[in-house]
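J.: Chains as they are written, first to last, in our numbering: chain W, 36 to 414; chain R, 842 to 1168; chain Y, 438 to 1014.
These are computed hints drawn from the structure, not numbers from a lab. Glycine residues also receive a C-beta, built at the ideal position from the N, C-alpha and C atoms. Be aware that a few hints might be false.
[Unchecked claim] Chain W side only, calculated, beta carbon under 10 Å to chain Y, not exhaustive:
1. Q55
2. H110
3. D113
4. G115
5. Y231
6. V304
7. I305
8. A306
9. R308
10. L309
11. R316
12. R320
[Said to hold, decoys possible] To be clear about the criterion: a stretch of chain R counts as covered by chain Y if any three or more of its residues have a C-beta under 8 Å from a C-beta of chain Y, and this derived list gives those stretches:
13. 1066 to 1074
14. 1151 to 1163
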Amino acid sequence: MNTLVDPRAIAMNPDAQASQWKLTWRAFRKHKLALASLVIVVLFYLIGAFAEFVAPFDPESTSSRNIYHPPQGIHLIDWGEDGSWAIRPYVQGMTIKRDPISLSATYEPDPNRKIYLSLFGQGQPYTMWGLIQSDRHLLTSADLDEAFFLLGTDRLGRDVLSRTIHGARISMSIGLMGVTLSLLIGVFLGGVSGYYGGTIDMVVQRVVELILSLPTIPIWLGLSAALPQDWSPLTRYFAITVILSLVGWTELARVVRGRFLSLRMEDFVIAARLDGGSQGRVIFRHMLPSMASHIIASVTLAIPAMIIAETALSFIGLGLTPPIISWGVLLKEAQNIRSIAQAPWLFAPGVAVCIAVLAFNFLGDGLRDAADPYTNERH
Amino acid sequence: MITYVIRRLIWAIPFLFAASLVAFALITLPPGDYVTTMAQTLAESGDQVDQARLAALRARYGLDQPLIVQYFMWIGGVLQGDFGMSFEWNQPVADLIWERLGLSFILEFSTLIFAWGVALPIGVYSAVRKYSVGDYVASVLGFLGLALPNFLIALVLMYIAVVHFGTDVTGLFSPQYRDAPWSWAKFTNLLAHLWIPVIILGTSTTASLIRIMRANLLDELSKPYVVTARAKGLSEWKLILKYPVRLALNPFVSTIGWAFPQLISGAVITAYVLSLPTAGPLMLQALLAQDMYLAGAFILLLCCFSIVGMLISDILLALVDPRIRFR
Amino acid sequence: MANESEAAALPILEIDGLVTEFATSRGAFRAVDGISLTLHRGKTLCVVGESGSGKSVMARSILQIVDQPGRIVEGSIEFNAVRGSDRVIDLAKLDPRSKIMRGIRGRDIAMIFQEPMSSLSPVHKIGDQVGEVIRLHERLSKKQAKEKTVELLRKVEIANPESAVDRYPFEFSGGMRQRAMIAMALACNPSILIADEPTTALDVTIQAEILALIRSLQTSSDMAVLFITHDMGVVAEIADEIAVMRFGKVVEQGNVFEVFAEPKHPYTQGLLQSVRDLDRPSPRRLEMRQSKPLGEARLISQKVRKEFPLSSGFLGRKKDVLIAVNDADLELLSGENFGIVGESGSGKTTLGRCLQRIYNVTSGSILYQDETGQSIDLAPLKDRELKQPWRDIRMVFQDPFASLNPRMTVGQIIAEPLVTAGGMSGKDIDARVRELLDLVGLPSSAASRYPHAFSGGQRQRISIARAIAPNPRVIIADEATSALDVSLRTQVLDLLLDLQEKLDLSFILISHDISVIRYFCDRIAVMYRGRIVETGPTEEVCSNPSHDYTRSLLSAVPVADPTKRGTMQRLRYREQA
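If we strip away everything but chain W, and leave its shape as in the complex, we get (with noise of 0.2 Å):
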């Protein structure tokens, strides 16, 4: 027996007890744009859960004397008549000057107002959730009397950052739960599809290929306009999910389904087979777990094309109805050229979709390429 190479040596690796997940997040941690984009998808759910505090305002709260009030910049140093200067934030106050023969009101700053603001302070009372009462916001002005307004205001006054912070709420979890129905369909048609082949699988197939041959939105759009006009905003909401997920499903099941059967005749696969482990155990603790960091990308990469149809959907009018308020809902009201003539500021909702979709792309491009820490080292 020649001892070229020692059997006992076993390369002193630092990663020899790395775990998949270690792995990943390993891979993932060095593309820094899908971190950033972690991060603003945290923060996205986290404003629209605690959207109530986040909000300045209450969304719905009118004001005649705002109407297409232009957005104030905040002032972070206050600067003396004398030339002291203090750190507070404030924004300029400004007046309402109405032209005397077309009418039209137009805004100036009024350098002798000065609005400041506070953290945490008090201002309009709420009910987060339906449970906790309050009345504290994350950013108040100090006089309670005195209204400001960062984003501006839309034709009855109304704060745009308050609804557009509100309408995160909808808007991210509607692609959240939008995707989680499509996954159970996905996982399930999918799963059953490449475990057991055959018949099943032909079927299933011809139904996804049907799908994707057709175009999404205009059934989407005959499935929302055939809800009864008199469903309540939340059942709407809820219908409006199913309808995106009846049609959304199908990519996630084609991804499941090549996973399973690409899966099914591996070696390690085989081999727990043979190990006499049950179906169940041979799915959940070997199969599955291959599965997950790939199903958690394409999940992420779903999202966003739920987000932009539901925006789509409401935009025109057939899918989330006020008092709703999502991207969407808020985005009709920029459909009207002389509108966001006089008032660009209402394309606001509209940036906040692109960042929420632009970061959801990132992260799950990333999680994509970090979904397999082991592709490198075969071959």
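Let chain W serve as the given structure and place chains R and Y on it in line with the hints.
T.: What follows is chains R and Y alone, placed relative to chain W:
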């Protein structure tokens, strides 16, 4: 090859059938039927409701019959070019849809050509000059194109055009041509307006096609046959264009299959924002008014468009890839 | 100008101190580290080395077609036979994209590769790909080029060359594709042919044909051949000179007869030793059989047949079937090592998987004699009922990377069959895992690590530990050593023999490699196109085969001894229609 095409054609039939079922389901989904909706509308506007006329309409569409009979009556009519009546317009649906569908098709087809024409060279460049400045610029633009919903781009463009240039970018024709019969002048006028919706509609498709082309080509560039070609003494660009690009085209061609349905989808909303005289806005209007025969006809025909698009992409794929042709 | 004989004596290619580096995130990696070689007209230089020795990078450096980000940083490659010039050119100094470098590629120096399928473009016709080289380097019209292409295809013995030019690579068999590659390489009568493992992906009978073809072409054109391989048998078959590479360096070079007779470097000695060890029955095994003779039948396959549906028609109707295993009969005795040998597509793996009952069997029976002496037919059993038989009959897979779940620790992997059986406490399982690791020669600290920390040979040991965990009585090893370098093969086989001595085990070893079978197995079955064509004691079959196919297979196996070159007569087997 011919047997392949015939096989694909036969495969399309169940799909078309399924699409017709979907369209019909959407027609019958809203509560009440066509005639009750119409009676309601008439009553609301204070008109006299003629019971005899309603009964005649019911009989014509078989509304008192079971669903399956209604379906066959409807599809039988569709096959003869009769899509039912639009109560909102009080006209046969067939008279309303064809010109708009034609314009839709022109818009979507031009967009596809545009997306291809832009994505192909940029994708090739990005892959060959991986991690160069140009590649990064293309990637960033690609991501933006994917993330921005079409209708937002349309809105922003409209805003810029109105506020900064004082022009209107909506519609496909100048006012004087809007209701004019077709002429050469009208056609050139169409071309002059078409590019804006094409660019708006094409952004996301172009962006994803660039990413697909880049990924495909990167895959192909590392294949052994590229080394073989290099060892033959071919020059770098020539060999890249002849071998890996040629192979990367195959999956690229098959993207038409899904890109076309997506374009049809996207066109509905973009057209709505830009008030184009295409299928989308009229379909929306019909859906909002629950004018279901009109809406159903649009849904059915758009589905057919996209199935035919799939079919064409499969046939093209077989043309460029001998491995599929010979199977 | 130098006269003829002087020119012939000059080396045609002289590599001196060549260094090729790959820039990585952890600094430069030297794949080729100061190599010097010379190549002579009409001679064959074989470069041997195990995977990762840098031999392929060295070959590609000559034509400057190293994959990104590799580049030559030092050394010279002097080439002295550029067509139409008597200058000596240093290839290492040329710009990889320059016209002169491109002119040399394919015309003066041609190259063929390991994977004939992926080395040809799948969507271009054979004639187009071969003719391209001619059109590129010689001023010929399209028609002339096509005629020449047909001529070339005929020269490499491709049947019906006139119609073959219009066919696509996927319509060719592996051997035919490699012939087409050779035709492409020879198109412009190059003075050097670089062959990078051209037969590794091919079956041994086809390998023999390709080697014969290269040799005959070389003698007719006085071309120099640089042949890269890891197989000592191939070296002995064709080399004039040999260079042994390891870790990017040449550790030994010289005349092939001298090196084989008297290897100087310990690495070469080890390499040759492991090849020669494998070329005879294991003495350990023979000894064991003396002390413990074989018992009675433990696993019997009777008329086992396995069909796969070839194409399923509309709605999954079966149209055509492939008979992968055609009525296979065999008998495994207790304490015996039984070998199944065959080329790709012979059905040997399918048969193994049928015996293991991974696949359902189309017809036939698999009788297993369990510990109590009871005979069970495994063929009709369902997964649920196979639980016990699967604990008695275990499998070791070919690919040590694919067969271990990368997401579980080695301890968890080995414990899996113990956990599913139930009835053992966690502590008992831990102790058993440590015991098993020790049996296969791994430290117990391995249990807490993940498979990616281990090398191929070590992973195969882990696989074996998992296989023996539930005290099995039969182990089916499917190509268990083919993914390993030759020096590791004997180690793994010896480990299996060790285990056989300690435990009551019978083995079925499936392999395409006759030397592995010969070393390890008492009896063998030879498979060809789904059928077992011959069964018998290993030595008897190897020395005196009765079936024509076995004869042709044995005659194609290269012998790792250059002095025996040409003594074996090649037999070709053509199945009677």
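J.: Which numbered hints turn out to be false for this structure?
T.: 2, 3, 4 and 5
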